[in-house]
Amino acid sequence: MDFSLAEDTKRLAEGARAFLTQENTVARLRQAEQSSGLELMPQIASLGLLGIEAPETLGGLGLTAVESAAIAEEAGHVALPEPLTEIAGLLVPMLVHLGRGELAQSVAQGHSAMGIASPLCPFAGHARRQAQVLIVTPRRVALAEPKDCLNPPRSSIDPWRQLARVDLEAVGEVLASDEAAHEACQWLNARGAVFTAAELCGLAHRMIELATDYANTREQFGVPIGSFQAVQHLLADARVRLEFARPVVYRAAAALAQIDLPRRDLLASHAKLAATDTANLASENAIQVFGAFGYTFEADLHYFMKRSWALAGLWGDREFHLQRLDAHVFDGGAAIGPGTSYRQEEKRHD
Amino acid sequence: MELEYTSAQIEFRQEVRDWLRAHVPTAPLASFDIEEGFNAHREWERILAQGNYGMVTWPTAYGGRGCSLIEWLIFEEEYYAANAPGRVNQNGVFLLGPTLMEYGTEAQKARYLPAIASGDEIWAQAWSEPGAGSDMAAIRTRAKRTDASYVIDGQKIWSSRAVFADWCFCLVRTDPDNSRHRGLSMLLVPLNAAGITIRPIRQLDGDPGFAEIFFDDVHVPEDHLLGPEHGGWQVAMATAGFERGLMLRSPARFQQTAKRLIELCHTHASRLSAETRAGALQAWMDAEAYCHATYMTASRIMRGETLGAETSCNKIFWSELDRTMHRLAMSILGIGAELEENSDWLDGYMFSLAGPIYAGSNEIQRNIIATRVLGLRRG
Chain Z
1 MDFSLAEDTK
11 RLAEGARAFL
21 TQENTVARLR
31 QAEQSSGLEL
41 MPQIASLGLL
51 GIEAPETLGG
61 LGLTAVESAA
71 IAEEAGHVAL
81 PEPLTEIAGL
91 LVPMLVHLGR
101 GELAQSVAQG
111 HSAMGIASPL
121 CPFAGHARRQ
131 AQVLIVTPRR
141 VALAEPKDCL
151 NPPRSSIDPW
161 RQLARVDLEA
171 VGEVLASDEA
181 AHEACQWLNA
191 RGAVFTAAEL
201 CGLAHRMIEL
211 ATDYANTREQ
221 FGVPIGSFQA
231 VQHLLADARV
241 RLEFARPVVY
251 RAAAALAQID
261 LPRRDLLASH
271 AKLAATDTAN
281 LASENAIQVF
291 GAFGYTFEAD
301 LHYFMKRSWA
311 LAGLWGDREF
321 HLQRLDAHVF
331 DGGAAIGPGT
341 SYRQEEKRHD
Chain E
1001 MELEYTSAQI
1011 EFRQEVRDWL
1021 RAHVPTAPLA
1031 SFDIEEGFNA
1041 HREWERILAQ
1051 GNYGMVTWPT
1061 AYGGRGCSLI
1071 EWLIFEEEYY
1081 AANAPGRVNQ
1091 NGVFLLGPTL
1101 MEYGTEAQKA
1111 RYLPAIASGD
1121 EIWAQAWSEP
1131 GAGSDMAAIR
1141 TRAKRTDASY
1151 VIDGQKIWSS
1161 RAVFADWCFC
1171 LVRTDPDNSR
1181 HRGLSMLLVP
1191 LNAAGITIRP
1201 IRQLDGDPGF
1211 AEIFFDDVHV
1221 PEDHLLGPEH
1231 GGWQVAMATA
1241 GFERGLMLRS
1251 PARFQQTAKR
1261 LIELCHTHAS
1271 RLSAETRAGA
1281 LQAWMDAEAY
1291 CHATYMTASR
1301 IMRGETLGAE
1311 TSCNKIFWSE
1321 LDRTMHRLAM
1331 SILGIGAELE
1341 ENSDWLDGYM
1351 FSLAGPIYAG
1361 SNEIQRNIIA
1371 TRVLGLRRG
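Residue numbers (the working numbering), protein chains in the order written: chain Z, 1 to 350; chain E, 1001 to 1379.
Derived from the structure by calculation, the hints contain no laboratory data.
Treat the hints with care, as some may be off.
Unchecked claim - From chain E, some residues computed to sit far from chain Z (all C-beta separations above 10 Å): (1) P1059; (2) Y1080; (3) A1137; (4) I1198; (5) E1288; (6) S1299.
Unchecked claim - Which residues of chain Z face chain E? A few of them, derived with a C-beta cut under 10 Å, are: (7) I157; (8) F228; (9) P247.
Where a beta carbon is used, it is the ideal one built from N, C-alpha and C, also for glycine.
Using the sequences and the hints, build the whole thing.
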């Protein structure tokens, strides 16, 4: 039993953070209208970040969902527009799982623009740029052409989303069906929830940092407003929630490889809820610290806040996950109480 | 990251479970805040020590088992799942013990630790004063150095279990010329020393769980000094770190309460509001989150990392969770909540109200997070 991030994982995340912080500045975020949101893809691909979980035989890094979560957290921290999390955490592992190694390799190297959709995420991002969309439902996994599955683009409060609703029944090349599709869809939904949760943790962290910096420089009554306890405690409260959301997310990430399905899904739901609530608290308390400034485009906070709203509904919204957890805890006979958080009989998938 | 127990850890859990099943008293003990209950709990500490479970992480030389922190968490999980009695010596076991390990001389460790593990010496904490609560650096109780001893004069208050305890670890001012954080020292003081007067204070439940301690020309030998003379603040901060950090409240305690709360929801299912059910679900999630965070912290310590100011997050989280869970239970019990027969939840609710106050009030913890974790300017 060792619930700490390995040194290699931390180094990987630090490297990603250095790159992302340098390249995806808030100055870039302010240019949403002039950008495809995909300019950094070649660099991200060349760093190997799209193939974190792809086996080394396919040119991947051969790492685990824990590393994917660590990278997703960094992507959230900078509100990265590029679909790094989607490709590295969802598409590539799913294509590998379905036995489409060559395609996975091509996507991981940044050669194929591909979106992914499921009933819990029926929108494709970067809609105008996708060459293909992987549609994953409990009955069928299919690879569809954009002309067959994408509806007209929709505006989102997050200018970087570039969404289009996906027709989940669209014609396409069928990669799996029935039981195999069902299993793949459940797996994908759990992964989507966990990595979105990791991004939300990164976003919450960043919003607390932005508000802290502002509170240390903005003066009223002749002193920085951050020296007032009423202001300090708003940000301390958000930090406390974050401190207890991250471990849940990593616990859930580690469980993605496990075959104890009810527990995997239970943990994914918990992770998504904990991270969503943390990001909500961080955004509400941060805008309060920024005051009127925070209610405008003059402060950078809104990019992070809006991304967190967008992610809150993705891969299962609060109501979905609350209902699922409620069923597990109250009616599902889930083992609860001391000593049940890490079951003795869990086996690893790999 | 490896989230599976080793086979040795699984065996250890089974061994603890079997032992507790054979030894935990079938009827709950009386409160350790009254004399009869205190003695019964001391007897339980001795039984625990005979099983060599007094404090499993301590070295064997001091009455422990040399277990890792993960094994301690396993022990605690089994302990709370078995509804074993509260630890009357928690100040000694969880606070003074680790502090002695860090600051004690070899002689002090050999003298005090085994008696803590065995339950023979029960400790109280003597830090707060009428004029020094959250502002602990305002301590005025004096200890004057004479040839080979310290002479203590002053007054301490809110000392839990000091009415019946044997010893206290006492924060005093040894350098009268230095104010605030400088000039304090930690002294180990037997509560039966000449010149000590103890006045019980009734807590919310009516029992004398607190005491006021008066020191009038109390002599203690110089080797009762723990850590450096005038360096008591750093010793106290280490103790407070253990208190807020890992040891004082293990996750199992709250997971057990959350489980009981869910069971209570089942019992009262026909009249349960959606709000209460949602609250219980959130409480269950938070108890799990506290467990995961603690396993993560324990693993980091085992890798050689040290805890920082982020431990202040723990204390806020568990104390407010505990209060929420008991408030929900009171709501579910409704018209019966006031009755003695429901005193489990009622006593728990009263005690949960103390959580955000003791071990450094939650307001002080939020100040620490703001200034030392986030880097906000000091007011």
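Just pull the numbers of the violated hints for me, sorted ascending.
2, 5, 6 and 7
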